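Asker: Residues per chain, in single letters:
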Amino acid sequence: MGKFDYVISIGGAAGQGIATPGNILARLFARQGIHMYAYNAYQSIIRGGHSFLTVRCSNEQVRTHGDVIDLLICLNQDTMDRHLEHMRDGTAVIYNSNTINPGEPADGVQLCPMDVKELAGKGANKLMQNTVAIAVACQLIGVEFSALEDVIDFQFSGKSEELVAENVRIAKGAYDHSAATFQPASQQMPTGGEALAVWTGNQAFAMAAAGAGVKFYCAYPMSPSTGILHWMAANARELGIMVRQVEDEISVICMTIGAAHAGCRSMCATSGGGFALMTEGIGEAGMMEIPIVVVDVQRAGPSTGVPTKTEQGDLWQALGASQGDFPKLILAPSSPLDGFQTIPDVFNLTDKYQLPAIILSDLLISDETSTIDPKLLDMHPIIDRGELITEAGEEAGSYERYKFTESGISPRALPGIPGYEHVVASDEHMPSGILISDEFTHPHKRRAMMEKRQQKMTGLLAELPPPVIMGAPDAEVTLVGWGSTADVIQESIEQLAAEGVVANHLHFKWMVPFHSDEATELLSSCKRTIIIENNYTGLFHRYLRGETGFTVDGHIRKYDGEPFKPKHITAAVQDQLAGGDAISVPYEEIIV
Amino acid sequence: MSDTNVEFSLKPKDFKGKVDPDWCPGCGDFGVLSGLQRAVAELGLHPHQILTISGIGCSSNFPGFFNSYGMHTLHGRSLPHASGAKLANHEMNVIVTGGDGDGYGIGGNHFTHTSRRNLNILYIVMDNQIYGLTTGQISPTSEVGMKTKSTPFGSVELPINPIASAITAGATWVARGYTGNMKQLTRLMIEGMQHNGFALLDIFSPCVTFNKVNTYQFFKQRVQPLEDIEHDSSDWKQAIEKAMVWGDVIHTGLFFETNARLTLEEQEPVLDEGGPLAYRELGLSKEETERVVSRMM
Numbered sequence: 001m002g003k004f005d006y007v008i009s010i011g012g013a014a015g016q017g018i019a020t021p022g023n024i025l026a027r028l029f030a031r032q033g034i035h036m037y038a039y040n041a042y043q044s045i046i047r048g049g050h051s052f053l054t055v056r057c058s059n060e061q062v063r064t065h066g067d068v069i070d071l072l073i074c075l076n077q078d079t080m081d082r083h084l085e086h087m088r089d090g091t092a093v094i095y096n097s098n099t100i101n102p103g104e105p106a107d108g109v110q111l112c113p114m115d116v117k118e119l120a121g122k123g124a125n126k127l128m129q130n131t132v133a134i135a136v137a138c139q140l141i142g143v144e145f146s147a148l149e150d151v152i153d154f155q156f157s158g159k160s161e162e163l164v165a166e167n168v169r170i171a172k173g174a175y176d177h178s179a180a181t182f183q184p185a186s187q188q189m190p191t192g193g194e195a196l197a198v199w200t201g202n203q204a205f206a207m208a209a210a211g212a213g214v215k216f217y218c219a220y221p222m223s224p225s226t227g228i229l230h231w232m233a234a235n236a237r238e239l240g241i242m243v244r245q246v247e248d249e250i251s252v253i254c255m256t257i258g259a260a261h262a263g264c265r266s267m268c269a270t271s272g273g274g275f276a277l278m279t280e281g282i283g284e285a286g287m288m289e290i291p292i293v294v295v296d297v298q299r300a301g302p303s304t305g306v307p308t309k310t311e312q313g314d315l316w317q318a319l320g321a322s323q324g325d326f327p328k329l330i331l332a333p334s335s336p337l338d339g340f341q342t343i344p345d346v347f348n349l350t351d352k353y354q355l356p357a358i359i360l361s362d363l364l365i366s367d368e369t370s371t372i373d374p375k376l377l378d379m380h381p382i383i384d385r386g387e388l389i390t391e392a393g394e395e396a397g398s399y400e401r402y403k404f405t406e407s408g409i410s411p412r413a414l415p416g417i418p419g420y421e422h423v424v425a426s427d428e429h430m431p432s433g434i435l436i437s438d439e440f441t442h443p444h445k446r447r448a449m450m451e452k453r454q455q456k457m458t459g460l461l462a463e464l465p466p467p468v469i470m471g472a473p474d475a476e477v478t479l480v481g482w483g484s485t486a487d488v489i490q491e492s493i494e495q496l497a498a499e500g501v502v503a504n505h506l507h508f509k510w511m512v513p514f515h516s517d518e519a520t521e522l523l524s525s526c527k528r529t530i531i532i533e534n535n536y537t538g539l540f541h542r543y544l545r546g547e548t549g550f551t552v553d554g555h556i557r558k559y560d561g562e563p564f565k566p567k568h569i570t571a572a573v574q575d576q577l578a579g580g581d582a583i584s585v586p587y588e589e590i591i592v
Numbered sequence: 001m002s003d004t005n006v007e008f009s010l011k012p013k014d015f016k017g018k019v020d021p022d023w024c025p026g027c028g029d030f031g032v033l034s035g036l037q038r039a040v041a042e043l044g045l046h047p048h049q050i051l052t053i054s055g056i057g058c059s060s061n062f063p064g065f066f067n068s069y070g071m072h073t074l075h076g077r078s079l080p081h082a083s084g085a086k087l088a089n090h091e092m093n094v095i096v097t098g099g100d101g102d103g104y105g106i107g108g109n110h111f112t113h114t115s116r117r118n119l120n121i122l123y124i125v126m127d128n129q130i131y132g133l134t135t136g137q138i139s140p141t142s143e144v145g146m147k148t149k150s151t152p153f154g155s156v157e158l159p160i161n162p163i164a165s166a167i168t169a170g171a172t173w174v175a176r177g178y179t180g181n182m183k184q185l186t187r188l189m190i191e192g193m194q195h196n197g198f199a200l201l202d203i204f205s206p207c208v209t210f211n212k213v214n215t216y217q218f219f220k221q222r223v224q225p226l227e228d229i230e231h232d233s234s235d236w237k238q239a240i241e242k243a244m245v246w247g248d249v250i251h252t253g254l255f256f257e258t259n260a261r262l263t264l265e266e267q268e269p270v271l272d273e274g275g276p277l278a279y280r281e282l283g284l285s286k287e288e289t290e291r292v293v294s295r296m297m
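Order-wise, the sequence lines are chains A and B.
Heads up: the first sequence is residues 1 to 592, going by the numbering used here.
Heads up: the second sequence is residues 1 to 297, going by the numbering used here.
Please keep in mind that the hints were generated in silico from the structure rather than gathered at the bench.
Since the structure is predicted, the reported quantities are computational estimates derived from the model, not experimental observations.
A few of these clues could be false.
[To be verified] Computed list of lysine-lysine pairs in PhoX-like fashion (alpha-carbon distance at most 20 Å, straight line): (1) Lys-147(B) <-> Lys-212(B); (2) Lys-126(A) <-> Lys-172(A); (3) Lys-18(B) <-> Lys-403(A); (4) Lys-18(B) <-> Lys-445(A); (5) Lys-149(B) <-> Lys-212(B); (6) Lys-3(A) <-> Lys-567(A); (7) Lys-403(A) <-> Lys-445(A); (8) Lys-183(B) <-> Lys-11(B); (9) Lys-375(A) <-> Lys-286(B).
Construct all of the structure, not just a fragment, from the sequences and the given hints.
Answerer: Printed below as a string of structure tokens:
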């Protein structure tokens, strides 16, 4: 069997239950061993508006929502009106013929009208059209009805048996009608794969933190970071994690620091606006040398911005988080799995170097649902808390919290140990913790403490892997990215290869501290460089230039709230190689 | 780990910090410091069993002058730091110290929410009705008409009533002390420490440098201990009524107390067994992770 790569989009208003068919499809594909990636374009509204869920499935790894739609499910007229024009030869459109007029499709588009009233019966719930649509979709791509029945059973298992039976009955009617009436879809789903798990990036981050031994998690709800809070809250009691929702993000960061100082591995998450409130606390963690992990799930800003849309807009906010000049760790994972695998290291590094870490995720990574091979879900990472004093020893009575050492790391005693009493202060202090911000002010002592703290960055940088170029070493163009664009850049490189363009990929995850020398050397070895970012002014480009002095040849930027599709990057690279403008801003076709 | 079996008891001087206070001579905060040193000694506590947490301001320099574990945090943020620390190690005796601007002004939101959260914490506010460290501007407890550098024509804003605010927000022990009555103050500190729940102790701690209105003389003429009159501290209505009195008479003492509500620590199943979170083993069991993954299938 060849490659199965099929994209189903479901559109409707918020409140029409778009999530349910999405979840049913995700679960169904995962159980059949089919890889899936779902991108939900939605609006900050609880009822109404337009939501558009795109589910791409394949028998191979799939990590973007792709370029096209193969099957469109319209839950309302608005979806038909907006998206029928995107359907091309060989695709299909499913809709409720009782309420939706199809419009004029392109040649070769199969319209699949469903008489929901007839199938569901007169008094049926409005949400039954979702069940009808999913049943038809499954039939068109060759899913066995029994597989669908299992997932319906699972999806509605918390509800009444009558509801499950009703949904199965209606699904069966729709499935049989489809088999008797419509042409099979252009691709048929293969079977026999090993079952996969389903997660979002936020769940991946929460799981990683739990595995790494986080014992304290605190948050104020803010899209698109709230999924981490939800996972933590649901699992807290079973896994022994203190989870609190508190009055604001200032309290969040301060509680996180308080718990970390007392000895818990502690984490919090928010989006850009909440992160702005946290910044003073991040500086405090730097000054007091308390290890905390802060996740900023970026959304389109500034200010309230576009709460349900993605952007890589907070890099400089993270770089500049808090007044003063102090050590911190900043990274931008490239995918849910990358975040899952990196977060335990982040906890180890923050513990060892006693500093705050900022993880820059974004809506694209955090909020989207995808499958993951359960064999990759190792939740037993190495836990290394660095130089942590948890019981009294030789230093009792003479302990200095901020003792000068060669590495800049001073062993950290947890509150509660006799003889190790000390005060941690947000004011500048001596090795003993005594303030030097007032009557003991002394420039030489201040200089020594600044150098002690900053010395930690030398050790930290040496532990971070330097950047590498992925793909052909002598490519004619190198695509440079950071964070969440890794997978879409990879897919674009495959598309370019099919067009005869050899491109490779230089991707940055570790932002601070930065491997400037290695990055400069790599960039200088490239024939041509194009940098790709989800923002307007090329935030990473400016940082990279600052760290390396290197100026790239071209830019591809998108700041409309929607993520890149592979074809956007492919077309822009080709245009730039052909002498087009050095800054490309791809056009978004899907309007949500 | 806290050694709770320490037999010998300590003297107030054992709670003297590494440096002497840099407060102005005559500052009320000296009385608060010596009162707390006496209180913890009398309670038989040892420095390693106490975590003193403050924000920023003259009085927030307190942890540096007191021998215990300490956190000298951000302006207005002492309570959330204390809450996080207490949840992480609920066996520590957590005392929060600070001023009126720090606690009722910039930290006002945390004051409200920490009150309703009811963690077992003693919150000591050295209330001098002025901003001292910034050299004399109005504070949230400054009286109407008060002339300061920021209000040269007199303040027109109504002051906050910390006692009534704490009671309505859900604090389970609410009292007011005065550094001119050390006997009462020390007793309130001991009772506040012994109370199981969030305890607010607002203390008139006169600023001799910048507040020329609310002086020792001012309070001496007005303060009336509630223990000297008829007052039922279990009745929140009486407590609010007494809290609203401000004029020729100002009440001190215990306004309100209830043991009817569980603390947050007591309600949190994660803390049921296993000791303080901060000292527990890290990492998950195989069974735990298998359960997590199975729910994703």
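Asker: Hint by hint, note whether the structure agrees.
Answerer: Tested hints:
1. A hinted pair counts as satisfied when its Cα atoms are at most 20 Å apart, and Lys-147(B) with Lys-212(B) qualifies at roughly 10 Å.
2. The straight-line distance between the Cα atoms of Lys-126(A) and Lys-172(A) is roughly 17 Å, inside the 20 Å bound, and the hint therefore holds.
3. Of the supplied pair hints, the one linking Lys-18(B) and Lys-403(A) holds, its CA atoms being roughly 16 Å apart against a limit of 20 Å.
4. Proposed proximity of Lys-18(B) and Lys-445(A) is supported: the alpha carbons are some 18 Å apart, at most 20 Å.
5. For a cut-off of 20 Å, the pair hint linking Lys-149(B) to Lys-212(B) stands: about 13 Å separates their Cα positions.
6. For a cut-off of 20 Å, the pair hint linking Lys-3(A) to Lys-567(A) stands: about 19 Å separates their Cα positions.
7. For the proposed pair Lys-403(A) and Lys-445(A), the alpha carbon gap of about 12 Å is at most 20 Å, so the pair holds.
8. Under the criterion of a C-alpha separation no larger than 20 Å, the hint pairing Lys-183(B) with Lys-11(B) is consistent with the structure, at around 17 Å.
9. Restraint check: the Cα-Cα separation between Lys-375(A) and Lys-286(B) comes to about 14 Å, which is no more than 20 Å; the hinted pair holds.
The structure shown violates none of the earlier numbered hints.
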